[in-house]
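J.: Start from the sequences, fold in the hints, and give me the full structure.
Residue numbers (the working numbering), protein chains in the order written: chain A, 1 to 294; chain B, 1001 to 1307.
It is possible that part of the hints are untrue.
Claimed, not checked - In silico DMTMM-like cross-links for lysine to aspartate or glutamate, where the CA-CA straight-line distance does not exceed 25 Å: (1) B:LYS1171 <-> B:GLU1078; (2) B:LYS1276 <-> B:GLU1078; (3) B:LYS1171 <-> B:ASP1257; (4) B:LYS1276 <-> A:GLU59; (5) B:LYS1276 <-> B:ASP1257; (6) A:LYS117 <-> B:ASP1018.
Quick caveat, the hints were computed from the structure, so don't treat them as lab data. A quick note: this is a predicted structure, and the numbers were derived from the prediction, not measured.
What follows is the residue order along each chain.
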Amino acid sequence: MATLGVRQARGAGGSVSLGEWIGRHLLQIVVYAILILFGMIFLLPFYWMVISSLRPMSEFYQFPIPLFPHHPSLENYRLLFERSLFGRGMLNSAFLSVVSVLLQVFFSALAGYTFAKLRFRGREPLFLGLLATMMIPMGVGMIPNYLIMAHIHWIDTYWPLILPPIANAFGIFWMRQYCLSVPNELLDAARIDGAGEFGIFWRVVLPIIQPAVASLAIFIFLSTWTDFLGPLVYLRSEQLYTVQLWLSVVARQGNVGQPAVVMAGSVLASIPIVILFATMQRRFIAGLTAGSIK
Amino acid sequence: MAALERAYRPKGISYRLDRWWRVAAPYTFISPFYLIFLAFGLLPIAFSLIVSLYDWNGITPGGFVGLDNYRVLLQDPEFYTALFNTVYVWLGSVPPMVLLALVFASILNSSLVRFRGLFRTVYFLPVVTSLVITGLIFSQLFSTSFGLVNSALAVFGLPPINWLSDPAWMKLTLILALLWRWTGNDMVIMLAGLQNIPGELYEAARVDGAGPLQSFFRITVPLMRPVILFDLIISTIGTFNLFAEPYVLFGPDGGMDEAGLVTGTLLYQNSFVYFKFGYGAAIAWVVALIIFALSMLQLKLGGREPD
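T.: So this is what it looks like as structure tokens:
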């Protein structure tokens, strides 16, 4: 598929004139030049984040700025942990993300399997209703949700961040699509062996749909780890702050908030994501496209 | 043996339980979604319509005010500032983003371009970065006194620019941050769409003497129209829900002259800084209506066959 026609003449019929040859390679050169230029532009902010975090205070205000620090140091990382509960924030975010992944994946897989493989009255309208919920603008629910949470005294707890996202319509849709490919014979065999409905899901289906589970888990981990508005609205005490909240808070605090310290925090907050992305990249991108195009 | 025995006693309690469970199990398995969605999705939306009709400041409601919140909102100059800024950022970021995404996706879909995987990863990397970190990195790159951009300008003898506090430049900074953060996202969606275009089409066009640009405009663009439209609409929704990036770049109040105030910031500020919940709910509804209208408009314009 040569969409931009970056294609060389092949085989026996490939005798081309000199002008044509140059023309073709010129296009290739231009294409690669554009790709590399934009690649550098895309990478530059990351480079800058890492470099800034390693720059000692004495070098921070040099002008023009050197592209490498002369005396790189981990001083900013030390300051970050010394002056804020950032480490606690990392642990909080990890806790929240793992709990959200477990709960959302479990309930999405269970419901997804049910919609794909079990027959029951009202299945089609119920599933259509579920899909329709994805189109509702969630922004309008923000204030009433806050009022409800305040009413049941859940402000400044993790409940508002953990519970509502369990109703994950996208997750159920995603798991259903994957469960459709599970062979019915396998389920019938388990049923004849006397397995209960939940046992079939837990012992037969769940092991088969591991790839879909992994994709969804990455997706949920990422969205929980990077969530900002939820923690900002619901959390009050510093002990509960998530990592994104700490970053925005540290950036506004005079005593801690040297730009270099903030960048050190950004680097640390990016590490779990980078690890996840590096190891599971294919799955991640597959999940993203499947979610957007049905 | 046990199973056999059970089969011979069809009227037993366990048999009846079994049959009951076979009917009830599916509903049990899907019920968590519907219960939680009802409590934290559907009810709040209905409830928010009611809240928007009250003079609701703080946790308890004040008096019923009818459509006053909406009336005040439509006369609030701050609302129009936020709306203007949001539309400005929308027009400034979405069209170039979609175009860039389509061009990159087309190039990186070609099997004759090497290191495709690497380039795709590089362009996609910002998408997994958190919005807060995006804001923080850009506020450093574009800092007046120690930013890389002004440092580069200085090398060419140009004066520094107040990217984050000069109203003339603030929106551009935000647009650049959005382009960096979201283009890869659109690109991946475009790539998925391109997989559905048969390669023979390009082959045939090439045989007929079409150049790469002609192929792009005559084959890729028309066939990708539904995907482009989808991209435009999700980008539109995204822009009107923008919050974290301007919050980090310009502060919770939209920065100098409110040049960085967008509808998302306005909603947050009124609801969770001033605790004007009734007013906030009205803002949320008006913004939802605008998003709906813009999406419909794009569907209508984009769905039409070209002449």
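J.: Evaluate each hint against the coordinates.
T.: Right, here's what the structure says about each hint:
Of the pairs offered as hints, the one joining LYS1171 of chain B and GLU1078 of chain B holds, with about 16 Å between alpha carbons and a cut-off of 25 Å not exceeded. Restraint check: the Cα-Cα separation between LYS1276 of chain B and GLU1078 of chain B comes to about 15 Å, which is no more than 25 Å; the hinted pair holds. The straight-line distance between the Cα atoms of LYS1171 of chain B and ASP1257 of chain B is roughly 12 Å, inside the 25 Å bound, and the hint therefore holds. Proposed proximity of LYS1276 of chain B and GLU59 of chain A is contradicted: the alpha carbons are some 45 Å apart, above 25 Å.
In summary, the hint linking LYS1276 of chain B to ASP1257 of chain B is supported, as the alpha carbons are separated by about 22 Å, within the 25 Å threshold. As the CA atoms of LYS117 of chain A and ASP1018 of chain B are separated by approximately 18 Å, the hinted pair is consistent with the 25 Å bound.
In summary, the structure is inconsistent with hint 4 from the numbered list given earlier, while agreeing with all the others.
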